[in-house]
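Chains H and E are the protein sequences, given in the same order. In terms of our numbering, the first sequence opens at residue 1 and continues consecutively. In terms of our numbering, the second sequence opens at residue 1 and continues consecutively.
Label-pair ranges, simulated between beta-carbon atoms: (1) G21(H) to N8(E): 51 to 57 Å; (2) T111(H) to R64(E): 40 to 46 Å; (3) E36(H) to E34(E): 30 to 36 Å; (4) S87(H) to D153(E): 51 to 57 Å; (5) D153(E) to R7(H): 50 to 56 Å.
Some but not every residue of chain H turned toward chain E, in silico, with C-beta under 7 Å: (6) T33; (7) R35; (8) G38; (9) S71; (10) F74; (11) A75; (12) V78; (13) K79; (14) D82; (15) N100; (16) L104; (17) A108; (18) T111.
Residues of chain E clear of chain H, computed beta-carbon distances all greater than 10 Å: (19) N8; (20) V9; (21) A94; (22) E97; (23) W104; (24) R106; (25) D153.
Hints listed in this document are in silico derivations from the structure and should not be mistaken for laboratory results. Ideal placement from N, C-alpha and C gives every residue a C-beta, glycine not left out.
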Amino acid sequence: MSALPARFADRDLAIEVQESGDEVRLVWSGRSTDREPGRFLMPIFDQLLERVRGDPKRIAMDFTKVEYMNSSTFAPLVKMLDSARRSGASVVLEYSPSRNWQALSFSALRTFETPDGRIAVRTK
Amino acid sequence: MRPHAPRNVLQLRISPDWDTVKATWDASQAMLRESGLDNDDAYALSMVSQELLENAVKYGKFERGDAVAFEIRVSDEFVTIEVRSPVSESGESALREFDQMVQWVRSFADPFEAYVERMRAVSSQPYAAGKSGLGLARIAYEGRCLLDFYVDDSSTLAVSAVFRRAA
Numbered sequence: 001m002s003a004l005p006a007r008f009a010d011r012d013l014a015i016e017v018q019e020s021g022d023e024v025r026l027v028w029s030g031r032s033t034d035r036e037p038g039r040f041l042m043p044i045f046d047q048l049l050e051r052v053r054g055d056p057k058r059i060a061m062d063f064t065k066v067e068y069m070n071s072s073t074f075a076p077l078v079k080m081l082d083s084a085r086r087s088g089a090s091v092v093l094e095y096s097p098s099r100n101w102q103a104l105s106f107s108a109l110r111t112f113e114t115p116d117g118r119i120a121v122r123t124k
Numbered sequence: 001m002r003p004h005a006p007r008n009v010l011q012l013r014i015s016p017d018w019d020t021v022k023a024t025w026d027a028s029q030a031m032l033r034e035s036g037l038d039n040d041d042a043y044a045l046s047m048v049s050q051e052l053l054e055n056a057v058k059y060g061k062f063e064r065g066d067a068v069a070f071e072i073r074v075s076d077e078f079v080t081i082e083v084r085s086p087v088s089e090s091g092e093s094a095l096r097e098f099d100q101m102v103q104w105v106r107s108f109a110d111p112f113e114a115y116v117e118r119m120r121a122v123s124s125q126p127y128a129a130g131k132s133g134l135g136l137a138r139i140a141y142e143g144r145c146l147l148d149f150y151v152d153d154s155s156t157l158a159v160s161a162v163f164r165r166a167a
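Generate the whole structure from the sequences, applying the supplied hints.
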């Protein structure tokens, strides 16, 4: 299992990677406005799910610093949640309830939560 | 003053490229705030503007010199965002698909349900960039806008999103 790079960046979007004992944390910041965000995000998600394969580490994605995400960004994100559910990975998405758009968008993502808490969407 | 009479109007003709679409964010936000909308509504309607403009650039049929016409009209009662772009005269199936998606979104009494349904549909299919319908559902849900569109004789598609302001 190779370590992930400490940082991914594409145009106005940056994702910092922080690994600790029990989780791999991705801290998103900036704006995700690319025409095809999946070109940047899907390879990261693939690496991420490969990184935790057979490892109990949880994936935490912190979106609280994100200023804007276009709707095209949600497609790779929900695909990643689906892949995580199938592979048995544990993922938590964290958002800021004080940002109205995040409260709205991420409350819709709660539809992907699993009863056992492996896939969770919560405020931070 | 009549409630539908616009108090403030922003009209732009923009080149159909991605960076120009992104650059309209600040102008939209500023105009909406100056028109008395609060920060959350100004943000949500700027998002609506971006989603409509992104769709126009992605799916429009632009010849050299063509532009996207973008307009925000604010009245006491409504905010109307309209984006006009050329479409292919032979693009009937694409327009039919667009019509079906708009009608589908409008068929939900609660737009939250439409947004969740689109997310579920996207998650269940192999990932592919393209028409997911998420943007239109998001306009209805997060933007609290009613969507409509028409195509005129010169094959220009006009898509509008209408937001009713709080009394």
